[in-house]
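Mapping to our numbering: the sequence shown position 158 is 158, numbers consecutive.
No wet-lab data here; the hints were simulated from the structure.
Incorrect hints may appear among the rest.
[Unchecked claim] Between beta-carbon pairs, the in silico distance windows are:
1) Glu-363 x Lys-61: 36 to 42 Å
2) Asp-112 x Pro-211: 20 to 26 Å
3) Leu-31 x Arg-394: 43 to 49 Å
4) Ser-372 x His-104: 23 to 29 Å
5) Asn-82 x Arg-54: 22 to 28 Å
6) Leu-31 x Ala-314: 44 to 50 Å
7) Asp-311 x Pro-211: 34 to 40 Å
8) Pro-404 x Ala-314: 29 to 35 Å
A virtual CB, placed ideally from N, CA and C, is assigned to each residue, including glycine.
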Amino acid sequence: MRSAGGLVIACLAVLAGGEVEAQKPGQVIELTPVGTPELREELFDSIIEMTRRREAWSPFKEEHMGYDPLTEMEALRSKIVNATTEEDLYYGLTLLSNARRDSHLYLTPVPDGLKGPSLPEVHAPIQVLPDYSDMHAPSFFVSGLDQKHLDASELPGVDRVAIGDLIVSVNGLSIPHFVETFRAWTRHSAPQGLYWRLARDIPIRAPATAPWMYREALDLELEDAQGQRYSATLPYLEPNTVSIELGEEELYPGFSVVMERFNFNVLRPDDGRRVVLLQWLDFEYELIQDVMDLIAYSEAQDLLDHTLVIDVTASSGGSRGAYAIQRLVDRPFRTTFGNLRISDAAIEMIEEWAVEPDRDVPEIFGLNESRSWLHAWAQTSAKQDVEAGLAYTRATPFKLAHLPHTSEDGILMPA
Numbered sequence: 001m002r003s004a005g006g007l008v009i010a011c012l013a014v015l016a017g018g019e020v021e022a023q024k025p026g027q028v029i030e031l032t033p034v035g036t037p038e039l040r041e042e043l044f045d046s047i048i049e050m051t052r053r054r055e056a057w058s059p060f061k062e063e064h065m066g067y068d069p070l071t072e073m074e075a076l077r078s079k080i081v082n083a084t085t086e087e088d089l090y091y092g093l094t095l096l097s098n099a100r101r102d103s104h105l106y107l108t109p110v111p112d113g114l115k116g117p118s119l120p121e122v123h124a125p126i127q128v129l130p131d132y133s134d135m136h137a138p139s140f141f142v143s144g145l146d147q148k149h150l151d152a153s154e155l156p157g158v159d160r161v162a163i164g165d166l167i168v169s170v171n172g173l174s175i176p177h178f179v180e181t182f183r184a185w186t187r188h189s190a191p192q193g194l195y196w197r198l199a200r201d202i203p204i205r206a207p208a209t210a211p212w213m214y215r216e217a218l219d220l221e222l223e224d225a226q227g228q229r230y231s232a233t234l235p236y237l238e239p240n241t242v243s244i245e246l247g248e249e250e251l252y253p254g255f256s257v258v259m260e261r262f263n264f265n266v267l268r269p270d271d272g273r274r275v276v277l278l279q280w281l282d283f284e285y286e287l288i289q290d291v292m293d294l295i296a297y298s299e300a301q302d303l304l305d306h307t308l309v310i311d312v313t314a315s316s317g318g319s320r321g322a323y324a325i326q327r328l329v330d331r332p333f334r335t336t337f338g339n340l341r342i343s344d345a346a347i348e349m350i351e352e353w354a355v356e357p358d359r360d361v362p363e364i365f366g367l368n369e370s371r372s373w374l375h376a377w378a379q380t381s382a383k384q385d386v387e388a389g390l391a392y393t394r395a396t397p398f399k400l401a402h403l404p405h406t407s408e409d410g411i412l413m414p415a
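Whenever a hint applies, use it, and build me the whole structure from the sequences.
What follows is the structure, encoded as structure tokens:
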């Protein structure tokens, strides 16, 4: 997904290096790679206006997190207008994008546009996880390490780093200060996701964050199991050379894995309790076969009446969720509905879908993989809504992959 800022960056870059006429007759201003202050202010205003028109707002979320996206974005005006280098402008726009607090939105450099990050990503030889015990004062601890690289570095304090040690400060920043400082550099939609990503990124020098936010090595202050504090300097290494040994080998004590698939793992209790645990991982295309394998296994092992527990804490999302629910629950349920705000971009998509040929694939267990339901919607009700001058299309069932647009109730029955 390309952010609104990224689209305008390309326009700015096309102008860069040329000449524009000033308002005074005969005066010509030479453009730099980042344009002029006037162009940058125009860029900023256009992003603010496009964001203002955006309708994916959540008043509940903004109240809960105590922020106003447009106010936070406006506070970055001077950083954009006063940028003097491509690096300054790029990272200023990164902060501007992150101020929206939507993990789906990010900057994407475009060909011949503003130059993106130049430093490669590197990793320190540890893994970090958040402690959610106090959501108002999160903490972070060492959850895994690469002992070989720690020992080989011979840097101060690395011999003391151990799994379970609490991180007290990062590059001289106390944890509260670190969270507040790097929040602005971290794409997130909720505090839980913010703390998870902050923990993940403590060992990483990430290209999406300005290089001046880092040191040559990672300096940590830690607290061991005895409450003793110490300092350690960790080296940055090529990511593919780091091999982390995790401290928590068993996520589910008393359970054993009986089936491993791409989208989930199946575990059963060692003591014979009538429970099945699914460690859910993803919703990719393999889900169809994975669920078929699960059902076959459950029938063969007489598990269909067992209590089902699903751990989705490490799962991504996906459009096949409704397919999975149909096969994991024994009650009808209603899918989500969605619509499109009719704009130039929406009309272009609808017109493209209307003439797109159906894919030559069968309907797989109720999933419309041929996209014929999407095409039918574009050719009929969506086209009618555009021609009627409506502001929005009528809502349709979830992605038109599980039910056609004529299914107004959106009810899916158990498979």
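Now for the hints, and whether the structure bears them out:
no. : hint                          : result
1   : Glu-363 x Lys-61: 36 to 42 Å  : 37 Å, holds
2   : Asp-112 x Pro-211: 20 to 26 Å : 23 Å, holds
3   : Leu-31 x Arg-394: 43 to 49 Å  : 46 Å, holds
4   : Ser-372 x His-104: 23 to 29 Å : 28 Å, holds
5   : Asn-82 x Arg-54: 22 to 28 Å   : 26 Å, holds
6   : Leu-31 x Ala-314: 44 to 50 Å  : 48 Å, holds
7   : Asp-311 x Pro-211: 34 to 40 Å : 37 Å, holds
8   : Pro-404 x Ala-314: 29 to 35 Å : 34 Å, holds
Against the hints set out earlier in the document, no violation occurs for any number.
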